[in-house]
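Please build the complex by placing chain B on the supplied structure of chain A, with the hints as guidance.
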Amino acid sequence: MLFSILGAVAILVLWEVLSLYVNRAIMASPAETAVALARLAWGSTLWVQLLITLKRLVIGLAVGAGVGLIMGVLAGLDERARSFFEPVRWVGMTIPAVILVGLSMLWFGLGDFTVIFMVALIVIPTVYINTLSGIQGVDGRLVEMGRVYRFSRRLLLTEIYAPGMAMPVMAGLTLATGLGVRAVVLAEVLGAMSGIGHAFTRAMSLLEAPEMFAWVVVLLALMAVIEFGVLRPLKRRVTRWRKVPQ
Amino acid sequence: MIRLEHVTKRFDSLEVFRDLSLHVADNQIVGVVGPSGSGKTTLLKLVAGMVQADEGTIAVDPGAIGYVFQEPRLLPWRTSLDNVAATLRARGWEKTEARERAAAWIERVGLKGFEDYHPAELSGGMAQRVSIARAFAVDPRVLLLDEPFSNVDLALKDSLMEILQRIIREGQTTVMYVTHDLTEALRLADRIVEITPERRLRELDLSDRRAVAAEWLSASLGKL
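Just so you know, the protein sequences line up as chains A and B, in that order.
The opening position of the first sequence corresponds to residue 1093 in our numbering, with each subsequent residue numbered one higher.
The opening position of the second sequence corresponds to residue 4 in our numbering, with each subsequent residue numbered one higher.
In short, the hints are calculated from the structure, not lab data.
Hints should not be assumed to be uniformly reliable.
[What the hints assert, rightly or not] Which stretches of chain B does chain A cover? Using the computed rule of at least three CB atoms under 8 Å from a CB of chain A, they are:
hint	region
1	14-27
2	79-92
[Stated by the list, open to error] Computed far set for chain A versus chain B, every beta-carbon distance over 10 Å:
hint	residue
3	1105
4	1130
5	1174
6	1178
7	1234
8	1237
9	1315
[To be verified] Pair by pair, the computed Cβ-Cβ distance ranges are:
hint	chain 1	residue 1	chain 2	residue 2	range
10	B	110	A	1247	36 to 46 Å
11	B	116	A	1246	25 to 35 Å
12	B	156	A	1150	24 to 34 Å
13	A	1322	B	39	46 to 56 Å
We put the CB at the ideal spot given by N, CA and C, even for glycine.
Only chain A is shown next, with the shape it has when bound in the complex:
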């Protein structure tokens, strides 16, 4: 904990030092950023843009994670499904994000749908791969035990598969969330007229460095809330049993 605080302080100090030597139009100091942040928070701008981005991120993540999870489970249980999804995964992981944004803009225009589509598409392969590796890692001897004792499909899923694959799926979701945040901002920078990404671009075009940096801080805060407020408690909950001495 101490070293984490020291690390955060080091970033702030480095930022402050850099801001002393770099042109004020492109680099704001921490203090200027704080003032800009307070100004944005005082009005409605910050909250409106934050909610727009959050909504797109949550929907995109939910759709992408849901599709990735279902694909991963199907592929883990059936080799034909795995072969079928392999080209889909490969294409999804190979096409650069910026090209996906470009195509989405052409197909769906600027706005919510483009951003959500983009986030979902970026997230699917990561969740798929982690779910597949999770389901393949489930102890086959436990599944055999469940079958002998006539576990229903639901019980097999809730008592054996879900807890058995929880760790890699949680790792996939954490990774996917990070990717999703990057994707939502990229898509908003290029293909939307609102949201944090768009607000950042607007500030950049006006050379409003403090506001630019304030939006970056908002993004970091958003990610922190998701990671520490949602993902980590969820991970602790699903892997509670691992805390017992081995």
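Same frame as chain A, but now just chain B:
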């Protein structure tokens, strides 16, 4: 009752059994002995319906099957109590009743006080006792035991055997007990069949159990 008629089982080109027949009457305890790789576990899996025969028929009493594996096979994320209760819930028991019955069985195998322990917190012998509790809790008409004491030391094996003997005698269960150790089977079984190197079943004459054990032990010692 367990009845196998002219059963043949192959795994790809490997023929494990050909034209194998075995009848086990209600509440009878049959020991199946044979060296490692002779197909003992496959025989149990056929009876449990975990693998299907290529030819022949297999009939088993309707009702629950209890299975004790070589290793405990407990759910690591569930407590001892919930491991036992999970098999009851699979049979349609309500949660509260399942937990009550599970607690009673945990107590019967001498683990009262360890209900809330996870498998990783239990010794190997304790975990195997939980798996025995799990097998009996479902009130099995047929109980299949696959070398359940092969991974425990001699002293522990003795105490686990006593627990098993006591519970089997008290219940109404047809038992198939697979082991490579004939002396274990002699302690527990009403009758014993041996899987020969040709993968045929040979019924042992148990009119003089001590003589059978002595012959087996001297054959084992002869290999030293």
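Do the hints match the structure? See the list:
For a cut-off of 8 Å, the count of residues in the region 14-27 of chain B with a CB near a CB of chain A stands at 0, and the three-residue condition is violated. Counting residues of the region 79-92 of chain B whose C-beta sits closer than 8 Å to any C-beta of chain A gives 6, which meets the bar of three, so the coverage hint holds. Under the 10 Å C-beta cut-off, the non-interface status given to residue 1105 (chain A) relative to chain B holds; the minimum distance is some 44 Å. Non-interface status of residue 1130 (chain A) relative to chain B is upheld: no Cβ of that chain comes within 10 Å, the nearest being about 46 Å off.
Listed as outside the interface, residue 1174 (chain A) is consistent with that label: its C-beta sits roughly 22 Å from the nearest C-beta of chain B, beyond the 10 Å cut-off. The Cβ of residue 1178 (chain A) lies farther than 10 Å from every Cβ of chain B, with a closest approach of about 26 Å, so its non-interface assignment holds. At roughly 6 Å from the closest C-beta of chain B, the C-beta of residue 1234 (chain A) falls inside 10 Å, breaking its exclusion from the interface. For residue 1237 (chain A), the requirement that its beta carbon stay farther than 10 Å from each beta carbon of chain B is not met, with the minimum near 4 Å.
No Cβ of chain B approaches the Cβ of residue 1315 (chain A) within 10 Å, the least distance being about 29 Å, so the stated non-interface status holds. Range check, residue 110 (chain B) to residue 1247 (chain A): about 25 Å between beta-carbon atoms, so the 36 to 46 Å window is missed. The beta-carbon spacing between residue 116 (chain B) and residue 1246 (chain A), approximately 32 Å, falls within the hinted interval of 25 to 35 Å. At roughly 55 Å, the beta carbons of residue 156 (chain B) and residue 1150 (chain A) sit outside the given window of 24 to 34 Å.
The hinted range of 46 to 56 Å is satisfied by residue 1322 (chain A) and residue 39 (chain B), whose Cβ atoms lie roughly 50 Å apart.
Violation of the numbered hints given earlier is confined to hints 1, 7, 8, 10, 12; the remaining hints are satisfied by the structure.
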